[in-house]
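Next come the chains, spelled out residue by residue.
Number of protein chains: 2
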Amino acid sequence: MEWSIQEIAKLAGTTSRTLRHYDEIGLLQPLRIGPNGYRYYGEVELRTLQRIMLLRDLGMALDAIGRVIASDLEEREALAMHLTLLTEQHDRIAQQIAGVQHTLQALEGKEELMAETMFEGFDHAEYRDEVEQRWGAKAAAASEAWWSGLSDANRHSWQAQVETLNADWRAAFEAGEKPSGTVGQALAQRHVAWLRSVPGTPMQSAGAAKSYIEGLGELYVCDERFAANYGGAEGAAFVRDALAEHVRGGLA
Amino acid sequence: MEWSIQEIAKLAGTTSRTLRHYDEIGLLQPLRIGPNGYRYYGEVELRTLQRIMLLRDLGMALDAIGRVIASDLEEREALAMHLTLLTEQHDRIAQQIAGVQHTLQALEGKEELMAETMFEGFDHAEYRDEVEQRWGAKAAAASEAWWSGLSDANRHSWQAQVETLNADWRAAFEAGEKPSGTVGQALAQRHVAWLRSVPGTPMQSAGAAKSYIEGLGELYVCDERFAANYGGAEGAAFVRDALAEHVRGGLA
DNA sequence: GCTTGACCTTGACGTAACGTCAAGCTTTAC
DNA sequence: GTAAAGCTTGACGTTACGTCAAGGTCAAGC
Chain A
1 MEWSIQEIAK
11 LAGTTSRTLR
21 HYDEIGLLQP
31 LRIGPNGYRY
41 YGEVELRTLQ
51 RIMLLRDLGM
61 ALDAIGRVIA
71 SDLEEREALA
81 MHLTLLTEQH
91 DRIAQQIAGV
101 QHTLQALEGK
111 EELMAETMFE
121 GFDHAEYRDE
131 VEQRWGAKAA
141 AASEAWWSGL
151 SDANRHSWQA
161 QVETLNADWR
171 AAFEAGEKPS
181 GTVGQALAQR
191 HVAWLRSVPG
201 TPMQSAGAAK
211 SYIEGLGELY
221 VCDERFAANY
231 GGAEGAAFVR
241 DALAEHVRGG
251 LA
Chain B
1 MEWSIQEIAK
11 LAGTTSRTLR
21 HYDEIGLLQP
31 LRIGPNGYRY
41 YGEVELRTLQ
51 RIMLLRDLGM
61 ALDAIGRVIA
71 SDLEEREALA
81 MHLTLLTEQH
91 DRIAQQIAGV
101 QHTLQALEGK
111 EELMAETMFE
121 GFDHAEYRDE
131 VEQRWGAKAA
141 AASEAWWSGL
151 SDANRHSWQA
161 QVETLNADWR
171 AAFEAGEKPS
181 GTVGQALAQR
191 HVAWLRSVPG
201 TPMQSAGAAK
211 SYIEGLGELY
221 VCDERFAANY
231 GGAEGAAFVR
241 DALAEHVRGG
251 LA
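As they're listed, the protein sequences go chains A and B. Per the numbering used here, the very first residue in the first sequence carries number 1; after that it's consecutive. Per the numbering used here, the very first residue in the second sequence carries number 1; after that it's consecutive.
Hints were generated in silico from the structure; no laboratory data involved. We put the CB at the ideal spot given by N, CA and C, even for glycine. Misleading hints may appear alongside valid ones.
Said to hold, decoys possible - The following label-pair restraints were derived from C-beta to C-beta distances:
1) A/LEU62 with B/ALA186: 43 to 51 Å
2) A/GLU2 with B/ALA193: 32 to 40 Å
3) B/ARG76 with A/SER16: 37 to 45 Å
4) B/GLU2 with A/ALA98: 24 to 32 Å
5) A/THR15 with B/GLU74: 33 to 41 Å
6) B/ASP123 with A/ARG20: 13 to 21 Å
Required output: the full structure, derived from the provided sequences and hints.
Encoded structure:
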């Protein structure tokens, strides 16, 4: 089934102008352009639009949404994550309800007004950043799952390659190198090159790669199994920071 | 108790820049400016900010929010209305959850994808307009409550004045005048002047007055007791349309 | 008292995400 | 064929801040 731009806009409660804007910025492209020059959208685009609207409603910037949509998470798993986000938003509204009820009680003299209680559930900015980071971490976890699926022989081959890199990371950390220093950045570059060679990592576009690498850095720190590769949480934080510095400079 | 700009910004999960912007546009003014030029906010401003944030989260434009805040609804009643809006938003998130679950089921082949079901709960634009109109109607209802509190003698005096105006409205409608015509607009102007003379109507600012008058027009049509003043629903719609046309041209 | 860093101000330019409008081609219904 | 609705591209405008510069204020530490 196909929809014209106005039909899909109406379904989604948005405007054709919005959809043209999304096409212009590459966020959501139509299924096809008819011989009349008209845009036509299909079911895949409809599902993508749903995800875009969900994340936009959370206050997420469109470029960040683009990174999330481009991430290599299987669609069903991505939608499961959307459900989690919606459930949390549901909870946050409940908190706001409690905050307004608190204000009402205070106005009726039944309670003393507590400023912190009034605004529970109102904090969006941190939540936005957190959502993007969690998405990156989720995609990273999905990507690392590839590793455990490797045969023993292949794992051994990759293992040797990785172990050299990990040893160099540990040596650099123990030598007191800085994440942004020459050694740290050379290692970060090697690390990224290695990541590119791993099948299934979302390294096709600079945006997706950046998000992935940053999420991976957080995973290294938070997950003890990964941190152990770098001599512990502090060594992992060193790797994370070096990688973050590297992607801040842009990816080729 | 007082808060500095950063303190209140942190409480509300927003920025000092936002608060300065709100001060500039007259939406939320600080309690006082210190001798150092710093802005300080009090409890009243805190409560107002809560309401602003709630409406902003609903997607309402700041100028519309300004009209709602300026409306002559008693604060507790206004907060009760906020609770209603939050509850509805809570419901809408639940609908979105259902929509995503539907998409998931369709992806697993358990259901056929239905485009309308996917996007339930996503329609914000109409909801925004509706919220503003409901607020106007609520304020209008509160204002009309003043009438029933009048003593018999006072009611009689106002009654005569109003009855002349109503008769003129009915005559104009029966004569086939147009809402935007010369007669209709002259009557609308008389009507607005009369409204200005009624204590408690929110006519101090153009924005609040516009919202109030539009809400009142809707009330005339929907409530049979008011419609009867203008010869029935069609006559009331004539009055509503003439008033709407009048306020569209701006209020002095 | 001096220094430093945090806090606040105003002024002004820039940005993100569209809204609005113009001009013109295409499609649909009568 | 005609008129209205639908769609396009191009471009300017709007809203709501974000960011930065320059500079005054406050608080803590020496």
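Against the structure, the hints come out as follows:
1. A/LEU62 with B/ALA186: 43 to 51 Å: 50 Å, holds
2. A/GLU2 with B/ALA193: 32 to 40 Å: 56 Å, violated
3. B/ARG76 with A/SER16: 37 to 45 Å: 43 Å, holds
4. B/GLU2 with A/ALA98: 24 to 32 Å: At 25 Å between Cβs, range holds.
5. A/THR15 with B/GLU74: 33 to 41 Å: Given about 37 Å between the Cβ atoms, the range holds.
6. B/ASP123 with A/ARG20: 13 to 21 Å: This hint holds: roughly 20 Å between Cβ atoms.
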